[in-house]
Amino acid sequence: MMNDSTLDETVLEEQLERLRSVNVIDSAKRVEQGLVDSVAEKRRQVFLSVVGVVISILAGIHFIIQGDPIGYLTLILLPLMFTFTAWRIAKQATEYENLTSGSSLLSGWRNELKEKLKEVNIALFIPILPLLMTLFVISKHGLISTKAVVFILLTTVVFLYAMYQLFVIRPALVRELNMLKPNDS
Amino acid sequence: MTPSFSTVFAEHYQSVFRLALSLSGSHADAEDIAQEVFEVIVKALPKFRGDSKLSTWIYRITLRTGTRWLARRGPVAELKVDMTATDQSIPIDLINVLNKLSLDMKAVVLLAFVEGLTHDEVAEVLAIPVGTVASRVHYARKEMVKLLGHP
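Protein chains in written order, with our numbering: chain A, 14 to 198; chain B, 1229 to 1379.
Be a bit skeptical, because a hint or two may be false.
In silico DSS-like pairs for lysine-lysine, Cα to Cα no more than 25 Å straight-line [said to hold, decoys possible]:
| no. | chain 1 | residue 1 | chain 2 | residue 2 |
| --- | --- | --- | --- | --- |
| 1 | B | Lys1271 | A | Lys129 |
| 2 | B | Lys1370 | A | Lys194 |
| 3 | A | Lys194 | B | Lys1328 |
Honestly, the hints are just simulated from the structure, not real lab data.
Kindly generate the complete structure, drawing on both the sequences and the hints.
This is how it looks when you write it as C-alpha cells:
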C-alpha cells in the first residue's frame, strides 16, 4: 500500500510529465508570425525616427538662418539624444551577450538591476535642467512666445520620460529584484 | 559557425516555450515571453561568441526575459483551473507550487525536472557549483512534494 509521501511523489511526477509534454506546435506558428509582425513594426519605427530626425535637422537649420538661437539648441540636443539612444542600445546588447560568460546568472543579474535602479533614480533629476531653462525663457520672453512654447514642449517630453521611469520602470525593476531574492532556507 | 535564426528557432522553441509556460502558467503569456526571447536572440545571435553552449545561452535569456516579463506584468492571484479553457493540459497545481519557490530554486527545478538537464548542465547554465545544484534539487523536490500534498 502506498503511503502519503509516495502518493505525493506520484502526483509531482504526473504534473511534471504534463508540463514536459505540453503541445507547442500551434503556439510556434503564432510566435513566428508575431516575430515577423514585430520586425515589420520595428522597421516602421526606425523609418519614422529617421523622418523625425531629418525634420528636426531642417528645423534647426531654418532657425539658424533666421538668426534664432533655438536652431543651435536643436542641433546641440540632437547629438546628445543620439548618444543617449546609442548608449542604451549598446547597453541592452551587451546585457544579453554577457549571458554567454560564466558569471553567476542570478548574482550578476541582481547587481545589474541595482545599477539600473541607480540610473533610474538619477534620471528622475533630468527634468530639472530643462525646467530651469524654460522658466528663464518665460521670464525673458513671456509665456506666449514661440521660444517659450518650444521650451515648454521640450520640458514636457523630458518630464513625461522621468514620470515613465518613476511609475513604470522603477516599480518593475523593484519587483524583478524582489523576485531574485535568494532562498532563506 | 553561428547557426541561422530559423535553425535556432526550430531547435529551441520547445524548450523556450516550456520554460515560459512554467514561469507564467498561461499559454498566452508563454507565447508573449517566447516571442520576446526570440526577439532578443534575433538581435544578439550575430554577436554570439560561443563562450558557452548555445542552449546554455538560450536558457539564460529565457529565464531572464521571462522573469522580467512577469515583473513588468506585476503580481497576480494564485492561478485557478479554467474548466472552460480549450487546453487544460497545464498542471496548475504544479505552477502554483513553483510560484512559491524562490527564483534560484525555481530555476534549478525547471532546468533539472522539466528540461531534464543533468546537474552539471544546470550548474553551467546558472554558473553555480554542482554541489549547490544537487542540494537545491534535493530540497526543492521535498518542498514541492510537501506543497503539492498540502496546498
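Subject >> Violating hint indices (sorted, rising) >> reply: Violated: none.
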